Amino acid sequence: MKEKGWKEIPLGGLILEAGNAEKYTTGGWRTYRPVRDEKKCNHCLLCWVYCPDSSIIVEETKIKEFDYEHCKGCGICSVQCPRDAIKMVEETKFTSQEKGEQ
Amino acid sequence: MGKIVGLTGDEVAAEAIRQINPDVVAAYPITPQTAIVQNFSQFVADGVVSTEMVRVESEHSAMSACIGAAAAGARAMTATSANGLALMWEICYIAASYRLPIVMPVVNRALSGPINIHCDHSDSMGARDSGWIQLYSENCQEVYDNLIQAMRIAENKEVLLPVMVTLDGFIISHAMERVEILEDEKVRQFIGKYKNPHSLLNIDNPVTWGPLDLYDYYFEHKRQQIEAMEKAGEVIQRVGKEFKEISGRSYNLMENYRLEGADLVVVAAGSTAGTVKAVVNELREEGIKAGLLKIRVFRPFPAQEISQALKNAEAVAVLDRCVSFGAQGGPIFLEVRSALFEEAKRVPVVNYIYGLGGRDIGIDEIKAVYKNLERIAQTKKIEKLVGYLGLRE
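Residue numbers (our numbering), protein chains in the order written: chain A, 230 to 331; chain B, 321 to 713.
Hints in this document: simulated from the structure, not taken from any laboratory.
These figures come from a predicted structure and were not determined experimentally.
Quick reminder that beta carbons are idealized off the backbone N, C-alpha and C, glycines included.
Be a bit skeptical, because a hint or two may be false.
Each computed DSSO-like pair below joins lysine-lysine, with the alpha-carbon atoms no more than 30 Å apart [what the hints assert, rightly or not]: (1) Lys-551(B) / Lys-236(A); (2) Lys-236(A) / Lys-665(B); (3) Lys-701(B) / Lys-252(A); (4) Lys-231(A) / Lys-542(B); (5) Lys-515(B) / Lys-233(A); (6) Lys-236(A) / Lys-515(B); (7) Lys-236(A) / Lys-323(B); (8) Lys-609(B) / Lys-551(B); (9) Lys-231(A) / Lys-252(A); (10) Lys-323(B) / Lys-542(B); (11) Lys-701(B) / Lys-233(A); (12) Lys-233(A) / Lys-542(B); (13) Lys-231(A) / Lys-323(B); (14) Lys-551(B) / Lys-231(A); (15) Lys-236(A) / Lys-513(B); (16) Lys-477(B) / Lys-233(A).
Restraint ranges, calculated between C-beta atoms of paired labels, are given here [what the hints assert, rightly or not]: (17) Val-527(B) / Val-264(A): 51 to 61 Å; (18) Ala-250(A) / Arg-543(B): 43 to 53 Å; (19) Tyr-253(A) / Arg-558(B): 52 to 62 Å; (20) Pro-517(B) / Lys-231(A): 24 to 34 Å; (21) Ala-623(B) / Thr-321(A): 24 to 34 Å; (22) Ala-365(B) / Ala-250(A): 21 to 31 Å; (23) Tyr-253(A) / Leu-711(B): 49 to 59 Å.
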């Protein structure tokens with residue numbers, strides 16, 4: 230996203246568009262990333278209920294993936310999972326490519 | 321036709337707020353501001369205003385409530401003094417950075433400690449970098465006139481900044497003077513209606529106020545505030561001219577009092593400017609070319625206009641009712657001296673710190689200042705850059 234100059238932005242730090250927090254990616258804050266074990270997971274969706282950043286992507290009542298652009302790695306999903314299907318893994322274990330960095 | 325009445329500075333401030341009839345007043349009492357809130361509360365109790373009066377538990381809350389109200393689209397006002405202003409410090413910056421046109425009388429009082437309730441300018445001068453416009457008043461009439469103009473200045477679309485209108489504690493706030501009050505209807509027409517284009521309560525067009533603003537945009541928002549302050553100078557002058565049409569009294573960024581051909585000039589703000597005028601008149605009678613430059617607008621500081629007005633003087637003394645510990649002088653002195661730096665001719669400028677904690681200043685002290693200016697003009701030498709008026713050694 231190209232950053233705008235001071236003449237182009239609303240006064241006083243106002244955000245005039247509702248629900249645009251999605252445009253602000255916060256995945257870079259993460260030190261541990263949640264990794265799901267497909268074999269253990271029975272798609273109870275408790276992680277989806279507890280995730281404070283809406284970063285569990287669900288399609289047709291099944292967990293599809295994590296939204297790593299916004300997941301801050303808080304680990305609540307991992308703690309809440311009744312089947313111990315979500316592990317928190319250090320970000321340093323992943324390559325730059327896996328992390329989606331250029 | 322308006323009416324002529326006898327009112328104290330605090331009473332006339334309450335009268336101006338009554339005529340403005342703001343949607344919300346959130347305030348906490350503090351000496352010597354108390355009478356403003358007390359008198360205005362009476363107007364609320366009597367039902368002569370439609371204001372929602374919020375009796376908050378502190379000045380921090382007073383300014384916070386004003387911000388919430390203003391963000392919701394209300395016209396919001398409060399009033400404070402000294403330690404009260406200090407307690408709302410953090411929130412003052414937020415009001416300015418959210419670009420909320422809150423208007424606040426500040427009854428100048430010394431900051432603790434040791435605790436003192438009398439006049440000096442250390443409270444409002446300390447807030448000079450908070451992003452508020454500052455209008456200083458010389459007397460009760462100016463308190464009234466400045467408050468009404470402040471509303472128009474603050475709400476101007478090119479400005480959208482909060483405004484402090486200062487009045488000297490006790491000297492103005494508790495002294496009764498002859499004041500001309502305009503008709504209610506005239507004031508209401510002058511200030512017009514206020515509409516916040518991004519009201520927090522507009523559910524059809526929801527907006528976010530006060531989001532986190534990091535290194536990627538914070539600087540740009542500060543630049544916008546700088547621009548608004550720069551624009552404010554023109555707007556203050558325009559509003560001053562329009563105010564003359566309804567009141568007969570004209571206002572500019574500063575007042576040049578007998579500055580034509582003046583060799584010896586004193587610069588002062590607040591009630592002391594009135595005392596200086598009396599001295600100027602006396603000295604002019606004696607053939608001494610004395611003049612006064614009265615600071616009305618301290619933020620934005622009218623540097624160009626001031627250097628234009630002072631560049632031909634032989635010697636200038638700046639009176640500061642405030643000390644800036646460890647600085648090269650008082651706040652007004654630093655600004656005036658810096659403004660004159662661009663002039664080809666070097667005008668000698670000295671500073672006098674005076675009146676701290678309500679220490680009285682009279683004709684004799686000001687005469688001594690002009691005497692010193694006379695000496696500097698003759699010898700071209702400054703013996704003491706910063707002096708103290710009325711201080712015991």
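Lys-231(A) and Lys-323(B) were given as a pair; does the straight-line alpha-carbon distance stay at or below 30 Å? 59 Å, violated
Between Ala-623(B) and Thr-321(A), is the Cβ distance one that fits in 24 to 34 Å? About 55 Å separates the Cβ atoms of Ala-623(B) and Thr-321(A), which means 24 to 34 Å is violated.
Return holds or violated for the Cβ distance of Tyr-253(A) and Leu-711(B) against the range 49 to 59 Å. 56 Å, holds
Below or equal to 30 Å on CA atoms is what counts here, so check Lys-233(A) against Lys-542(B). 14 Å, holds
Check the hint pairing Lys-236(A) with Lys-665(B) against an upper bound of 30 Å on the C-alpha distance. 38 Å, violated
Between Lys-701(B) and Lys-252(A), is the straight-line Cα distance small enough, at 30 Å or below? 64 Å, violated
Restraint status (C-alpha distance of Lys-236(A) to Lys-515(B) at most 30 Å): 22 Å, holds
Are Lys-609(B) and Lys-551(B) close enough, with their CA atoms no more than 30 Å apart? Violated, because 35 Å separates the two Cα atoms, which is more than 30 Å.
Against the 30 Å threshold, does the CA-CA distance of Lys-701(B) and Lys-233(A) hold or violate the hint? 53 Å, violated
Sort out whether Lys-233(A) lies within 30 Å of Lys-515(B), counting only the CA atoms. Satisfied, since the Cα-Cα distance of roughly 27 Å is no more than 30 Å.
Tell me if the straight-line CA distance from Lys-323(B) to Lys-542(B) falls inside 30 Å. At roughly 43 Å apart (the allowed maximum being 30 Å), Lys-542(B) and Lys-323(B) break the hint.
Does Lys-477(B) pair with Lys-233(A) here, judged by a C-alpha cut-off of 30 Å? Roughly 21 Å between the alpha carbons, so the hint for Lys-477(B) and Lys-233(A) holds.
The structure shown violates the earlier hints numbered 2, 3, 7, 8, 10, 11, 13, 17, 18, 19, 21 and 22.
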